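Protein sequence lines, in the order shown, are assigned to chains A and B.
Going by the working numbering, the first residue of the first sequence is number 477, and it counts up by one from there.
Going by the working numbering, the first residue of the second sequence is number 307, and it counts up by one from there.
Everything labelled a hint here was simulated from the structure, so no lab data went into it.
Any given hint might turn out to be false.
Stated by the list, open to error - Result set (DSSO-like, lysine-lysine): computed pairs, CA atoms no more than 27 Å apart in a straight line: (1) B:Lys460 <-> A:Lys483; (2) A:Lys483 <-> A:Lys575; (3) B:Lys792 <-> A:Lys487; (4) B:Lys790 <-> A:Lys483; (5) A:Lys639 <-> A:Lys575; (6) B:Lys676 <-> B:Lys610; (7) A:Lys503 <-> B:Lys676; (8) A:Lys639 <-> A:Lys503; (9) B:Lys790 <-> A:Lys503; (10) A:Lys487 <-> B:Lys791; (11) A:Lys483 <-> B:Lys792.
What the hints assert, rightly or not - Here are some, though not all, of the chain A residues that point toward chain B, as calculated from beta-carbon distances under 8 Å: (12) Gln532; (13) Phe533; (14) Met535.
Remember, it's a predicted structure, so these values are computed and weren't measured experimentally.
Every residue, glycine too, gets a C-beta built ideally from N, C-alpha and C.
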Amino acid sequence: MMDLTQKQWVKHTVFHPFEGFEDLRWKKGGSVLFASIVIVLWFIGAILYDNFYGQQFMMSSVRLFSIVPYIVQTIVLFLTWVVGNWSICTLLEGEGTMKKIYIYSAYALIPYVVQLYIQVILSHFLTRDEAIFITTVSVIGTVWSVVLMFMAIKAVHQYSVSKTLFAMILTVVAMLLILILLVLLVALFQQVYVFATSVYTEISYRMKV
Amino acid sequence: MQKKFKAIASVMCSCALLMTGTVLPVVSAEEHYNVYNYDRWTEATPSQAGYEAVRAVRGTDLGCGEMDVIQDIFRDSENQFYVVDSGNGRIVVVDETFTKAVKEYSEFKDEDGSTLTLSSPEGVFVSEDTGYMYIADTGNSRLLVTDMDGNVVKNITRPDSTLYENETFKPQKVVVDKAGNIYSVLNNITNGAAFFNSDGEFQGYYGANAVEATAEVVAGYFWNLIATDEMRANSSRNVAAGITNFDIDDEGFVFTVTQSSSSESDRVKKVNPSGVNLFSGLEATFGDIASMYDAATNQTFSTKLVDIDVDDIGRLNCLDMETGRVFQYDEDGNLLFIMGTRSDQLGGFSLQPTAVETLGSNIYVTDGLKDTITIFEETDFGEIVHEAVGLYNDGYYEEALEPWYEVLRRDGNYRAAYVGISSALLNKGDYEGAMKYAELAESSIQYNKAFEGYRSEWLDSHFTLVAAVVVILIVLYIVYRHYKKKNQKKQPKNLVEMLHEGEEE
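Using the sequences and the accompanying hints, generate a full structural model.
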């Protein structure tokens, strides 16, 4: 029963929002490889969205392209979500492991990622008067992903509806905390680095004299 | 990125064109300051000068003796200039060519026969419709309405009205509309310009600024909700800056400027007769976009507009006191040129430039410390831009094409030219060219128009191809489905599909 390949599991979870993830958990399906592919596609899609959108809708005024913001907005954001959710739900008697959260969340993002690509493609064929089609695609994709994400978290931890909601809100708080700590850490290391380099410069000057 | 290269390449091409000297009479004015314009990303870029300072006129050049603190200049319908020589308490009338003083008003005959003199007047207006001269006699706290022979018709002093709450009455600037209604900017009044009917009766205020909803103001509002009376008494009130100066155009729109470095939204307003600001939806920033830091004098300059003038074609000229620059905009608020600076040379102004006026394409700027009137004339480049902008704004896109190309040949950074060329090509039906220039102008809206045309043209000419591709795709899909079903029948079904089939049955 339900002996699906990994590829079929992806399709199954996306098109069966209400029992897909439960099935996935029951049959211990899901692959890290596919989840990672989704995240990389999201990353590429975000870049395409900002830089290769149809010019009748949006002129990109990027003068100096930097990849760092895109990494932060997609990959880092996703990893923070996974870590934040895992830390919260471990305390809230959730059953999901880090790996499972990673896989399930990534699968839930698929409609959103697909929607990015469809938008970029459509934007090259439509005019501003027909922007409603693009908006529709965008709204459907986003809402679909939100529903999937909710069901994914619910399934992976075996929570009730209200507890899932509660856990998700706490996850966002945890993400903020993690990001703040990260920024602090980076700033601290920068200070250490500056200190080290200035000591080195000072010594090297003394050595010369 | 590619876009950027294209833009740079096109600029380089136009430069190359310029250098190889394709029989272009390249006449560029050599101003002693850096002439600049703002580009698409609101950054200052070097530009060709559209105006050139040709001479600075002193009182002695006009044969009326030195002037002392010139406060205002006004041109009437017969092209005579009225210069307010504030320190000497007189109005000097200068001829059209600005070479000699024609007349001088310093004493006025009151209705009862007594003589009135002016005390540091700051504004003058001559109305074509009423035939009177209106003088803001600031030092004497009154507005004088006189005929052209110097007989006082009306003497407006502090209004005895409950609407007028201020102790003082210091009219500084005055304009009059076609119906003879008088508008006057008063010192220390933030309610807007005082508004008098043609009989000189105070009617209320006109064109007041709004308090900008900055974070501080919003926070203050909520704080006030919970503060005690004592705390409220000690807090400062948020009052909108009063308007500094104004001008009126032929259609009765009043253009106001506000000399506030903090408020950007009300810096220039176009107020209709019912008091609504028609520029409120405009995205443009008037004056310098960012304040400028001068390392040599350790000073920061931010725009403080002191005067505005609407010329006969509807172009706006705004005078910035802080930097001594005149910013010229077309009727829709698009920047055309920036001229002037703060310096001692010709074309530069002291700390106190006071007023700006136009005659034809000339611009006249008065300086209150140098006591000169500087005359700017249009350069060749300015003339071409004005021609192109004029045609474009009147809807003659195709006629404007040649002037726009000429503008680009002289200044490849002039963004409006790319939009103009794109519009012209669009009108001609050259959609691809229109798309290219819209891209160079980075105007998404313009690109959208061009793309729409391009797409429908492409669909018309490639209809058979499109139809064929669609049919082939559909056939392929049906074949694929058929083939897949055949294959699946041989394999054991999985649970999901079995469930689905169960539902169907």
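Agreement of A:Lys483 and B:Lys792 with the hint, judged by alpha carbon distance not exceeding 27 Å: holds (21 Å)
Against the 27 Å threshold, does the CA-CA distance of B:Lys792 and A:Lys487 hold or violate the hint? With Cα atoms ~21 Å apart, B:Lys792 and A:Lys487 stay inside 27 Å; holds.
Would you settle whether the hint for A:Phe533 is holds or violated, based on the nearest Cβ-Cβ distance to chain B being less than 8 Å? Since chain B brings a Cβ to about 7 Å from A:Phe533, closer than 8 Å, the hint holds.
So if I understand the rule, the pair passes when the alpha-carbon distance is 27 Å or less; does B:Lys676 with B:Lys610 pass? Distance of about 19 Å is within 27 Å: holds.
Hinted pair, alpha-carbon criterion (27 Å max): A:Lys639, A:Lys503. Please report holds or violated. holds (24 Å)
Pair hint outcome, A:Lys639 versus A:Lys575 [Cα-Cα no greater than 27 Å]: holds (21 Å)
Going straight from one Cα to the other, do A:Lys483 and A:Lys575 come out at no more than 27 Å? Satisfied, since the Cα-Cα distance of roughly 18 Å is no more than 27 Å.
Proposed proximity, A:Lys503 with B:Lys790 (alpha carbon, max 27 Å): holds (26 Å)
Given the hinted pair B:Lys460 and A:Lys483, is their Cα-Cα distance within 27 Å? The hint is violated at about 92 Å.
Given the proposed pairing of B:Lys790 with A:Lys483, does the C-alpha separation stay at or below 27 Å? Satisfied, since the Cα-Cα distance of roughly 17 Å is no more than 27 Å.
Going by Cβ atoms only, is A:Met535 closer than 8 Å to chain B? This interface hint holds because 5 Å falls under the 8 Å limit.
Close enough to count: is the Cβ of A:Gln532 nearer than 8 Å to one in chain B? Hint holds; A:Gln532 Cβ to chain B Cβ min 4 Å, cut 8 Å.
Violated hints for the displayed structure, listed by number in ascending order: 1, 7.
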